[in-house]
Amino acid sequence: MTTQSVADERAVRLVAFRHTINRWDVKVSPYLYISPFFILFAICGLFPLLYTGYVSLHEWSLIGGEGDFVGLENFQFVLGQPKFWDALRNTFSIFLFSSLPQVLIALVIAAVLDTNIRAKTFWRMGVLLPYIVTPVAIAIIFGVMFSDKYGVINTLLTNIGLPAIGWHSDVIPSHIAIATMVNFRWTGYQALIFLAAMQAVPRDYYEAAMIDGASRVRRFFSITIPQLRPTIIFVVVTSTIGGLQIFDEPRLYDQFGTGGADGQWRTLTMYIYNLGWIESNFGRASAVAWLLFIIIIIFAALNLIISQQISSGGSRAKK
Amino acid sequence: MSTLTQEAAAESLAQRKTPKTKTRGALVNKPGWLGYTFLAIVMVGAIYPLYWAFMIGAGDQSTITERKVIDLPGPHFFENALEVISSPTVNFWVAIGNSIIVSTIVSISVVFFSTLAGYAFSKLRFKGKSGLFYFVIATLAVPTQLAVVPLFIVMVNLKLAGTLPAVILPALVSAFGVFWMTQYLEQALPYELIEAARVDGASMFRTFWSIALPSARPAAAMLALFIFIQTWTNFFWPFIVLDKDSQTLPVALSVLSNNYFDDYSLILAGAVVSILPLLALFLVTGRQLVKGIMEGAVKG
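As they're listed, the protein sequences go chains A and B.
According to this note's numbering, the stretch in the first sequence is residues 1 to 319, in order.
According to this note's numbering, the stretch in the second sequence is residues 1 to 300, in order.
The set of hints was computed from the structure by calculation and includes no laboratory data.
Be aware that one or more of the hints could be misleading.
Stated by the list, open to error - As a list, the in silico DSS-like pairs of lysine-lysine whose alpha-carbon atoms are at most 30 Å apart: (1) A:Lys27 to A:Lys83; (2) A:Lys27 to B:Lys159; (3) B:Lys123 to B:Lys291; (4) A:Lys27 to B:Lys123; (5) B:Lys159 to B:Lys291; (6) A:Lys149 to B:Lys291; (7) B:Lys68 to A:Lys120; (8) A:Lys27 to B:Lys127.
Computed from a predicted structure; not experimentally measured.
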């Protein structure tokens, strides 16, 4: 009798224990599952980003480590350097030459791919091919193609009677060449994103417009573009964040990796690298990193507002 | 047997045809020769630089001075490739091995942790869920590449600078991956399945392991593919933190281009060789890659 009740009690306790475990399991598990992301982001993303601010206020060398607190001296120094302003100019110039043509061409490619073409998969895979090429390899290949002396681009130009261009020696041509590498890798990718968005547009819109007698071009601008608004904004903002940090392509545009004899194509991220790992001044490198961070945030927000306005201007006609 | 397949083929053909004529007015969307010409030009633009690199890379030192726009490739490609691969300045095989190690570990880890977090965000109830999810999305917009200086200091302090873990560790999770898996599991995994497993007495993790993980497979495969390519082509951080002995392929390639700048055929042969592994992957999985980009775009 007593043994029986003890066993019962045990069983009850076991069930209660299991119940508690289970409750904890239900409560704690979700946090456990999402914690790897947050922990690693804190260590490798958030902390370094904030710590960049701390380092930028100190004298700090690659080998010696932390030195004296110097306030805003590092910022003053880099803002007084013509190299900083040249790098800022180059970064924006390369970005403009890459982002705008890229979005426009990608939209046209997507529009053509959205038609009833034969061998769909073939074309889609074809435009995506450059995406799998490492930027380093692209930069090396295009660096030679745009070589001032033997490059195939100048050969083509002179063959049709145009003067050769100093793709490496001049400022704007070097930016165009580097932007071409970015466009080579990303245009097809963006085109597929646009294509997916286009296919989500209800076909009735087009049919209705057809009945109203709208031309193909008119349909593209009055239906497709406004419908693609969120996608275009997404692509523009992400390419802003990525594009302003450009490093690989300009770094490998020639074999020296310094951004040209006069820094014609030295970008801000290259400047950060040079300050930090060539001049071993982490304080100044961090100051430039923070400045670039602020520039990117402002510019991404600006882009968001502008592209929102442009595309909502287009959709007003529909309403 | 053959009639069966014929029937099936006819059926699939019919299935294929009906939605097309239904959803798309045939007249609206027939591309003209202009469309094909345009696509052909785009295609040439995508392939020509790679072919040109191969053409020069298969020649010798003087090929570039002939200034040919297009030509048949010369006979020296394997010779040049071999010289680059066995070059004393970089260890090409080790670099390829390192790239495989890093990309594989990162892909597996990102897929696992993203599925885990995506499962929690899409199917489990907990306090602060939507706030935390927005935080994950917000981190997508943070240019973490700019934090290289402190990240480098962290790696030096952890004694990891110059080793592969320095590249692997920061890449083990991905905000994009979490977002991607959350979106997928949201619609692909029915609550009934989870409840059934829970009623049967499966623990939370057991439920994840045997219910959520298998149903996440299609999206997980695509995510793995993207992360693999992204990690393989990554340059900036590996270039900064890795040693001469621990280079990944792009870093090794950059060193090569510094050393052979006087011989374009060797540099370009090296560049072409470096493309081959991912090109092979692309030929096998290109279809999925296209599908993945397009599916991601609709959700994003």
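> Okay, which hints does this one fail, numbers in order?
Replying inline: 1, 2, 5, 6 and 7
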